[in-house]
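Colleague: Those sequence lines, one after another, are chains S and Y.
Using the working numbering, the letters of the first sequence map in sequence onto residues 798 to 912.
Using the working numbering, the letters of the second sequence map in sequence onto residues 520 to 634.
Hints in this document: simulated from the structure, not taken from any laboratory.
A few of these clues could be false.
[As the list claims (entries may be wrong)] Ranges between beta-carbon positions, derived for each pair:
id: 1; chain 1: Y; residue 1: S546; chain 2: S; residue 2: T869; range: 36 to 46 angstroms
id: 2; chain 1: Y; residue 1: S589; chain 2: S; residue 2: S877; range: 41 to 51 angstroms
id: 3; chain 1: Y; residue 1: E601; chain 2: S; residue 2: S897; range: 25 to 35 angstroms
A quick note: this is a predicted structure, and the numbers were derived from the prediction, not measured.
Note that beta-carbon positions come from the ideal geometry of N, C-alpha and C, so glycine has one too.
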Amino acid sequence: AQSVTQLDSQVPVFEEAPVELRCNYSSSVSVYLFWYVQYPNQGLQLLLKYLSGSTLVKGINGFEAEFNKSQTSFHLRKPSVHISDTAEYFCAVSLSSGGSYIPTFGRGTSLIVHP
Amino acid sequence: KAGVTQTPRYLIKTRGQQVTLSCSPISGHRSVSWYQQTPGQGLQFLFEYFSETQRNKGNFPGRFSGRQFSNSRSEMNVSTLELGDSALYLCASSFRLAGAQETQYFGPGTRLLVL
Numbered sequence: 798a799q800s801v802t803q804l805d806s807q808v809p810v811f812e813e814a815p816v817e818l819r820c821n822y823s824s825s826v827s828v829y830l831f832w833y834v835q836y837p838n839q840g841l842q843l844l845l846k847y848l849s850g851s852t853l854v855k856g857i858n859g860f861e862a863e864f865n866k867s868q869t870s871f872h873l874r875k876p877s878v879h880i881s882d883t884a885e886y887f888c889a890v891s892l893s894s895g896g897s898y899i900p901t902f903g904r905g906t907s908l909i910v911h912p
Numbered sequence: 520k521a522g523v524t525q526t527p528r529y530l531i532k533t534r535g536q537q538v539t540l541s542c543s544p545i546s547g548h549r550s551v552s553w554y555q556q557t558p559g560q561g562l563q564f565l566f567e568y569f570s571e572t573q574r575n576k577g578n579f580p581g582r583f584s585g586r587q588f589s590n591s592r593s594e595m596n597v598s599t600l601e602l603g604d605s606a607l608y609l610c611a612s613s614f615r616l617a618g619a620q621e622t623q624y625f626g627p628g629t630r631l632l633v634l
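Based on the provided sequences and hints, a complete structural model is requested.
Modeller: In structure tokens form, the structure reads like this:
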């Protein structure tokens, strides 16, 4: 079975500063990796995903993530955050074979952007 | 194009009762997935319906069930409610069977409180 660990439950940062949200996964087989964002009182929105190919993945809203197979990590980064980026961020993993899509989510990281 | 809608948005029930939640997917989408989000367990996959058939199921007891209608609308039912069923229930739809290649679009959720 696969698992996901988001190393920080909360990340405070000042506006226009860079940010990195950390995600590590555990799986004995190949996986796909995802980052989602959840704004208050809303559902999840896909930010980006890694399926194959380039290990640097660019997503929406200026976010990007890098897949590191040797370190089993998929950290999310943004060079300059805005107040509007304040939200909960979830890393997720799903198996890359077997047909069924049953994602496993991390516990989430609350990004708090201060003015 | 209208997004995924979930009704009701908020619900209060007492232990032992049953509840039915509704999800209307984006027009043309045939897959509907349900997720439970709690502070204790985080985000967990419940099940997925595609073309009126349950395709995948997460690790939840039989008290949790669902169905999908010919217009792709889906309902989720929880019988004999327990305090631990208090959660935000999210619905997500996609055009094809959910998979890593297929983006899921989430509704705002139904917040269920069991007293």
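Colleague: Confirm or reject each hint.
Modeller: Results for each hint:
Remark: the range hint 36 to 46 angstroms for S546 (chain Y) to T869 (chain S) is upheld by a beta-carbon distance near 39 angstroms. A hinted range of 41 to 51 angstroms holds for the C-beta pair S589 (chain Y) and S877 (chain S), which are about 48 angstroms apart. The hinted window of 25 to 35 angstroms between E601 (chain Y) and S897 (chain S) holds, with their beta carbons roughly 27 angstroms apart.
Checked against the numbered hints above, the structure breaks none of them.
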